[in-house]
Amino acid sequence: MRRSGLASFLLWIGLTLLTLLPVWWMLVVSMRPRVKLYSKSVLIDAVYWDNFLAVLNSATFLRYLWNSMIVATSNAALVCALGLLAAFGLSRYRISGGDNVFFWLITNRMAPPAVFLLPLFLLFTKWFVFGDAMLFDTKIGLILLYCVFNLPFAIWLLKGMLDGIPLELDEAARVDGATTAQVLSNVILPLARPGLAVTFILTWIFAWNEYLFAATLTSSANARTVTTALAEYVSVTGTNWGEMAAMAFLTTLPALIVLGFVQKHIVAGLTFGALKG
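At the far end of the sequence shown sits residue 375, using our numbering, and the numbering has no gaps.
Just so you know, these hints were derived from the structure itself, not from any lab. This structure is a prediction, so every number in the text was calculated from the model and none was measured. Glycine is no exception: its CB is placed at the ideal position from the N, C-alpha and C atoms. Just to be clear, a hint being listed does not mean it is correct.
Calculated pairs, SDA-like style, for lysine to any residue (alpha carbon to alpha carbon, straight line, at most 25 Å) [as the list claims (entries may be wrong)]: (1) Lys237 <-> Thr350; (2) Lys237 <-> Trp147; (3) Lys138 <-> Ser156; (4) Lys237 <-> Tyr331.
Label pairs and their in silico Cβ distance ranges [what the hints assert, rightly or not]: (5) Tyr146 <-> Thr114: 20 to 28 Å; (6) Ser137 <-> Ala175: 40 to 48 Å; (7) Tyr136 <-> Gly112: 21 to 29 Å; (8) Ala144 <-> Thr117: 25 to 33 Å; (9) Leu267 <-> Gly103: 37 to 45 Å.
Using the sequences and the hints, build the whole thing.
Next comes the structure, spelled out in structure tokens:
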């Protein structure tokens, strides 16, 4: 048993180091001047902050960072609100073809995002046009678009959690005269908070990290997110690897901090409703 436990411990240590290796290499590159970029050393030889200072002093980066915060936070809040209502209906009511609807939602999430790229580009530039206004190159366009991919995931996650809440609690509240809205707000919502927290965090990370649609459906600093700024360090004269690595590290830092603080809540929320009876 001791040998088995030691082997498992060493295995997890190895997997952890393998997972963190790209993050470490990104930090190493960001700490190097251009003349030392191709050094074979995997250690930080000297602290070199110029790459980080160049990124942080860039008004464009700060604008992109603000856009990402607005898009990711707004999308996560909207997805949680709509996902809770949809999951409540699928969990608490017998809907004709409900299983088929639920499966159809999951298949939308499974489809490769690149399949929707050209149709969405045409919709954003040709159809979703209201006078001089259009969804192309707008933050509201990205917020609504990310709902298409995050909402099925949220419904799937929240439905499993709501199924773990005893139906007898709903019936007891209705016996006391509660309406459907009161059951949802006073019974379901307090018990589903761990699940909502997990759903909010995961959808926020998905929206924060998304690159393909943000790069295709935006064209200016008014709506471009921080992930799209990485491509701007690639030009015909070369690639500024140091500043690109610095920006990539700063881009991943908020997600890493959030995951570090809420790791226990994520585990609790994902296992909520796993055991019934």
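Cβ-Cβ distance between Tyr146 and Thr114: within 20 to 28 Å?
-> 27 Å, holds
Is it true that Leu267 and Gly103 lie within 37 to 45 Å of each other by Cβ?
-> Holds: the Cβ-Cβ distance is about 42 Å, inside 37 to 45 Å.
Okay, Ala144 versus Thr117 on CB: inside 25 to 33 Å?
-> Holds, since Ala144 and Thr117 (Cβ atoms, about 26 Å apart) stay within the stated range.
Are the Cα atoms of Lys237 and Tyr331 separated by 25 Å or less?
-> 23 Å, holds
Quick one, are Lys138 and Ser156 close enough, alpha carbons at most 25 Å?
-> Measuring from Cα to Cα gives roughly 30 Å; hence the hint is violated.
Ser137 paired with Ala175, Cβ distance criterion 40 to 48 Å | Given range 40 to 48 Å: holds, Cβ gap about 45 Å.
If you draw a straight line from the CA of Lys237 to the CA of Trp147, is it 25 Å or shorter?
-> Given pair Lys237, Trp147 is violated - Cα atoms ~32 Å apart, limit 25 Å.
Note whether the CB distance of Tyr136 and Gly112 lies within 21 to 29 Å or breaks it.
-> 28 Å, holds
Hint consistency between Lys237 and Thr350 [alpha-carbon to alpha-carbon, up to 25 Å] | 20 Å, holds
The structure shown violates the earlier hints numbered 2 and 3.
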